[in-house]
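Peer 1: Going line by line, the protein sequences match chains F and S. In this text, residue positions in the first sequence follow the numbering used here: the first is 1, and each later residue adds one. In this text, residue positions in the second sequence follow the numbering used here: the first is 1, and each later residue adds one.
Check each hint, because a few of them may be wrong.
To spell it out: a stretch of chain S is covered by chain F in this simulated footprint if at least three of its residues, at any positions, have a beta carbon under 8 Å from a beta carbon of chain F; those stretches are [as the list claims (entries may be wrong)]:
(1) 2-14
(2) 63-74
For each label pair, taking beta carbons as the anchor points, the in silico distance ranges come out as [unchecked claim]:
(3) Thr25(S) - Tyr11(F): 24 to 34 Å
(4) Pro51(S) - Val29(F): 54 to 64 Å
(5) Pro129(F) - Leu85(S): 18 to 28 Å
(6) Ser51(F) - Ile103(S): 21 to 31 Å
(7) Leu85(S) - Lys16(F): 52 to 62 Å
(8) Val132(F) - Pro26(S): 12 to 22 Å
(9) Ile20(S) - Lys19(F): 54 to 64 Å
(10) Asp77(S) - Lys21(F): 41 to 51 Å
(11) Gln12(F) - Pro51(S): 46 to 56 Å
(12) Pro26(S) - Gln6(F): 19 to 29 Å
(13) Val125(F) - Pro117(S): 14 to 24 Å
These aren't lab readings, by the way, just hints derived from the structure by calculation. Keep in mind the model is a prediction, meaning the values are calculated, not measured. We put the beta carbon where it would ideally sit given N, CA and C, even for glycine.
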Amino acid sequence: MAKITQEQKDYQQLVKNVKPKPPYLKNIVMAFLVGGLICLIGQLILNFYISLGLDSTKEAPSATSATLVFLGAFLTGLGVYDKIGKRAGAGSIVPITGFANSIVAPAMEFKSEGYVFGVAAKMFVVAGPVLVYGIASSALIGLIYYVVKF
Amino acid sequence: MIDYIMAFLVGGLICAVGQILMDFTPLSPAHVLVVFVTLGAILSGLGLYQPLIDLAGAGASVPLPGFGHTLVKGVIDEVNKSGALGILTGGLKATAAGITAAIVFGYIMALIFNPKPK
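Pulled out of the complex, with its shape left as it was, chain S reads as follows (with noise of 0.2 Å):
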């Protein structure tokens, strides 16, 4: 149970963050979106976002800064298992999964349905 009260505070309070940035600065979501990714894989370069991770599981993982987080986790993964190409694979074979379902659903869904009249 608690793992999902940490889940809900802590990405509500990382999207609360990004709110804050969209109304108070003059970035637009896309920067919000690119601004996190970069301060997430920081972050985890500096070791700071795994603690964050085994604290708030999905609440650290589902927001942007979590898949900064996961690219350069699966760098220095790579690196320390096979040397210095991990620097070029560790990152996209750790988030594969994501991309590539991002690529092939969103692909898939923008053939199926139509944009709706606003």
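Chain F on its own, in the form it takes in the complex (with noise of 0.2 Å):
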């Protein structure tokens, strides 16, 4: 690599001045109003789920989870998820609901290169590395207390 003149180090600088910084506090807040907001939908659902005598520790919870999820993908579809994303950030992303996000808008954009290849494939650019991850540390975490507890 040939050094960097002065002029390069200037430019670079200047670079640095000019590009626009994102707005750090209002990502922040937008992500804790969305995300709080998405999450007492949560527990409206949840609540409805116990009202209806689903049991409160497994049943309600994941008939909650498969709502949020059903939502998520239908509001993707729609094309009105991405637009809460692109004001709320993280606020849309980590609830479970942007878990569906992240199957059907790669799902949806790929669709022309096939239903094999392109749909069922593309669901899991990001769910496949969440489902990896999240599967195998509990696998291992399961491991670990089989190991102490046995």
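Hey, can you piece these two chains together into the complex? The hints should help.
Peer 2: Next up, the structure:
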């Protein structure tokens, strides 16, 4: 690599100064508000299923996850979820609705590449790594628990 | 009423942490999701995530660390019930509804809808 001249250094500094910085505080507040709201809706759904008589430790949370996943997938299909995501950042990515979004968005995008290598394969571009690390770490923790306990 | 406030506050806080990671570290959204699901699993293994669920309900179970927690809780319950095989069966058993819903609904939505022009 050639040595960086003073001129280039100046230019890099200029770029650094001129490049717009993300509005950090606004991003964090939006993530908090939207993420909180999605969880509040989750609590509403959870309480609804509990009131229907579903077991509050297993069945009701499972049904709530499935419902939120449906809503996230549906809103992504309508193009609404990505509009929310532009403003909410992590607020729409971190809840389980964002997991559904990460499946539907690339699946739609790559439909033109066919239903096997397009839709079905691209569904897991983000969801795949989440499942791999989630499932692998849970099995590892289970192994440690088993060894310690028995 | 208090359960809605706690769900909002804790859920919002977890998402705010995600935003901080995205803005102040080189982590992409996908990395944040992977970190969160793994973190949830580890905290759950240490017995630290269940108290958060008891406190905040959906505020702790809806964000992705809650998914990691459900996986670990499923594994540990199943190990208690049926021994070593539970290590391999418990996680997916506990999360089956969410994962199957994601695949089925995800596929259907991708069939019905087309991406909107940006």
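Peer 1: Does each hint hold? Answer for all of them.
Peer 2: Hints and how they fare:
1. 2-14: Answer holds; 10 residues pass the 8 Å Cβ test.
2. 63-74: With 9 residues in contact (Cβ-Cβ under 8 Å with chain F), the coverage given for the stretch 63-74 of chain S holds.
3. Thr25(S) - Tyr11(F): 24 to 34 Å: Given about 26 Å between the Cβ atoms, the range holds.
4. Pro51(S) - Val29(F): 54 to 64 Å: At roughly 27 Å between Cβ atoms, Val29(F) and Pro51(S) fall outside 54 to 64 Å, so the hint is violated.
5. Pro129(F) - Leu85(S): 18 to 28 Å: holds, 26 Å
6. Ser51(F) - Ile103(S): 21 to 31 Å: Given range 21 to 31 Å: holds, Cβ gap about 28 Å.
7. Leu85(S) - Lys16(F): 52 to 62 Å: holds, 56 Å
8. Val132(F) - Pro26(S): 12 to 22 Å: Between Val132(F) and Pro26(S), where Cβ atoms are some 21 Å apart, the hint holds.
9. Ile20(S) - Lys19(F): 54 to 64 Å: Violated, at about 20 Å.
10. Asp77(S) - Lys21(F): 41 to 51 Å: holds, 47 Å
11. Gln12(F) - Pro51(S): 46 to 56 Å: holds, 48 Å
12. Pro26(S) - Gln6(F): 19 to 29 Å: holds, 28 Å
13. Val125(F) - Pro117(S): 14 to 24 Å: Because 21 Å falls inside the window, the suggested range holds.
Hints 4 and 9 from the earlier list are contradicted by this structure; the remaining hints agree with it.
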